[in-house]
Structure formats: C-alpha cells, structure tokens
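Colleague: Listed here are the chains, written in short residue letters.
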Amino acid sequence: MARERVDPEKLLPLTSSVFHILLALSDGDLHGYGIMQEVSEHTAGQIKLGPGTLYGAIKRLRGNGLIVEVDERPDPELDDERRRYYRLTDFGQKVLKAEAQRISKLVSVAQQKRLLPKRT
Amino acid sequence: MLFAYPREFRFEYGSEMTQVFCDCYRDSNSRGTVGELWLRVILDVIQTAPLERWETLRKGETMKNVKRDALGLLACLAITVVALLLLGYGRKHEVGSILMFGHALDAIVTAGVISNLIIFGLMMATQRSTFRTALWSLLIVNGALLLISTLIGSRVDPSFSFPTIFIAYLVSFIFWLTIHWLWSQIRTPTEPVV
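As you go down the protein sequences, you meet chains A and B in turn.
According to our numbering, the first sequence holds residues 1 to 120 in order.
According to our numbering, the second sequence holds residues 1 to 194 in order.
Because the hints were derived from the structure by calculation, they are not lab data.
Using N, Cα and C, we set each Cβ at its ideal position, and we do this for glycine too.
Be a bit skeptical, because a hint or two may be false.
[Said to hold, decoys possible] Simulated crosslink set (DSS-like; lysine-lysine; CA at most 27 Å straight-line):
| hint | chain 1 | residue 1 | chain 2 | residue 2 |
| --- | --- | --- | --- | --- |
| 1 | B | Lys59 | A | Lys10 |
| 2 | A | Lys10 | A | Lys105 |
| 3 | B | Lys59 | A | Lys59 |
[Claimed, not checked] Pair by pair, the computed Cβ-Cβ distance ranges are:
| hint | chain 1 | residue 1 | chain 2 | residue 2 | range |
| --- | --- | --- | --- | --- | --- |
| 4 | A | Arg60 | B | Ile46 | 14 to 22 Å |
| 5 | B | Gly153 | A | Lys48 | 51 to 59 Å |
| 6 | A | Ser40 | B | Leu2 | 18 to 26 Å |
| 7 | A | Val109 | B | Leu74 | 51 to 59 Å |
| 8 | B | Trp38 | A | Ala100 | 32 to 40 Å |
| 9 | B | Leu122 | A | Ala110 | 45 to 53 Å |
| 10 | A | Arg102 | B | Leu2 | 29 to 37 Å |
| 11 | A | Arg73 | B | Leu77 | 51 to 59 Å |
| 12 | B | Ile46 | A | Ser26 | 28 to 36 Å |
| 13 | B | Thr18 | A | Arg73 | 18 to 26 Å |
| 14 | A | Val68 | B | Lys59 | 16 to 24 Å |
Please model the entire structure based on the sequences and the hints provided.
Modeller: Put into structure tokens, the structure is as follows:
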C-alpha cells in the first residue's frame, strides 16, 4: 500500500487528542462514543473530547490511513446499528508506536534532568 | 450547532455527532452535569468549526463557488444600481414610461440591496442551496418591506394605494427570484443540496 511507504515519523508529533484516540483504538474497534469514554477513562477525566474534536480527528486519521471504518460489530445484538466502528490500521499502529517512543525519549530526558524519578 | 460545520463534514459525520451528543447528554443528565456538557460542546464548536471550514475552503471546490457567488452579488448590485439610476433619471426628466414603473423599481432597488446581502451572507455561513436560501430570503424581505411600506404609507401619504405597493413588491419578488433561479442553474452542479 502507498501508506506503508510513508515514514510514520513524518506524521509526528501527534496532537494530544489524536494520540489518545489512537491509543483507545489500540485495544480494539470502537465507535465514536466508545472512543470518548475510553479517552476520558485513560486520562482520569482530564481529557474529554467534544464531538467536533473527535470527528475532526477521525476525518483526518481516515484521510491519512491511520484508521478505517469497519462493518463488523463486536456484539450486533447489543449494539445500535447506526453506530460506525473504527479500527487502527497497521500504518496507524506504526505511527502510534513511533509517537509512544518519542514520548518515552522525552520522559528519559526528564528523568536525566531529575524532573521525574527513574524507574527501578 | 451542526450548521457551523461545512456541508461535506455534516453529511459525513453529522448524524454520528448528534448521536454522540445524545449519549453524552444522557450520561450528563444522570450525573447532573448537563450545564458543563453544554459549555464543553459550545467551546468545542467554536474551536473546531472554523478549522473544518478553512480546510473545506482550501480544497478549492467551495472556493470556486464563493468566487462565483461574489460575482453574482456584484451582478445583483449592478442591476440595483441600474434600476436606481433609471428611477432617478425618470423622476428628474419626468419620463412617464419610467415613472409608471416607479414603485416597482423602488421595490426592486430596496428589496434587492437588503435581500441580496442577506442571501450572500447566509450562503457563506451555511453553504446551503442557493435557490432555496434566495427563495426564503426574498419572500421574507419583500414581505417585510411591503408591511413597513403599508404601515408608514397609509399614515403619511394621502394618495397611498395598497394594490400598487403590493404589485410593486410582487414584481420585485418575481424579478429577483428569476435572477436567482438562473444563477442557481449555472452554479457548480455537483454540489450536494442539504
């Protein structure tokens, strides 16, 4: 695929909301409200995405091939069929990993500067 | 609030955004934090809608229509100026054939200036169908002007005649509607109508 040839590093740094959306999708397919809840949970309620931020980010992530819309539903019996589910692509996974590594390096720098305690 | 976003974006994500909002509302209602939700959503719209609009404008197709609409607005203003000059000339030189249509020309000028500015503004803000926006704007503006003219004219002008004023604004409405219909026919046909 053409997207595979794009260097994930070129898309970095990701915005905070995009990073959290990708992180939420790394556990499995989710619909919009599911992503919102997951992000809120991950950040202990510090980041609450609004519908405009969420779907603006989804539009750009789909456009860049980081996520795709999927037809399969985790539990069709329990779910509202009007909902649309999104999935992280392989390229999206690579970009997410690259961003996580970038943040990890930043954390290391902060640890070296004794701003953060070193992990034992 | 969805109308703050560009049409393409609303078409793609509008129903989902509504559903997400309903889910959030239900959630907030049970926690008693509805006010906080509204504030968050309003701030979110203020923050994200201009970005989406800017992105749509950058894509070009909408920009083409913006340019055409601006050209259309200029054409409307040109028609208004011509009608105004014609009316001024007719009154100055007492040209009977022009003065006969004096009320209609007056209505065309007044309603033209007000309604075309409103139509252009609405089209920029909502990017909705040209003709439908024009139809309602012209109907409301011509109706409002007819009402104002009747209220003021019947009190201050002894020779005031309602049928004449009514026909004048009807002519104005039909005239501008025809112009907008012709304009909507040459606008980008691929544009989806909401």
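Colleague: The structure should be examined with respect to each hint, and the outcome stated for every one.
Modeller: Results for each hint:
1. B:Lys59 to A:Lys10: At roughly 22 Å apart (the allowed maximum being 27 Å), Lys10 of chain A and Lys59 of chain B satisfy the hint.
2. A:Lys10 to A:Lys105: Roughly 17 Å separates the two Cα atoms, so the pair holds.
3. B:Lys59 to A:Lys59: Holds, at about 14 Å.
4. A:Arg60 to B:Ile46: 14 to 22 Å: holds, 19 Å
5. B:Gly153 to A:Lys48: 51 to 59 Å: holds, 57 Å
6. A:Ser40 to B:Leu2: 18 to 26 Å: Given a distance of about 23 Å, which is inside 18 to 26 Å, the answer is holds.
7. A:Val109 to B:Leu74: 51 to 59 Å: Holds - the Cβ-Cβ distance for Val109 of chain A and Leu74 of chain B, about 58 Å, lies within 51 to 59 Å.
8. B:Trp38 to A:Ala100: 32 to 40 Å: Distance hint for Trp38 of chain B, Ala100 of chain A holds at roughly 34 Å.
9. B:Leu122 to A:Ala110: 45 to 53 Å: Holds, since Leu122 of chain B and Ala110 of chain A (Cβ atoms, about 52 Å apart) stay within the stated range.
10. A:Arg102 to B:Leu2: 29 to 37 Å: Once the Cβ atoms are compared, 35 Å apart, the range 29 to 37 Å for Leu2 of chain B and Arg102 of chain A holds.
11. A:Arg73 to B:Leu77: 51 to 59 Å: holds, 55 Å
12. B:Ile46 to A:Ser26: 28 to 36 Å: holds, 30 Å
13. B:Thr18 to A:Arg73: 18 to 26 Å: Check passed, 20 Å falls within 18 to 26 Å.
14. A:Val68 to B:Lys59: 16 to 24 Å: holds, 21 Å
Against the hints set out earlier in the document, no violation occurs for any number.
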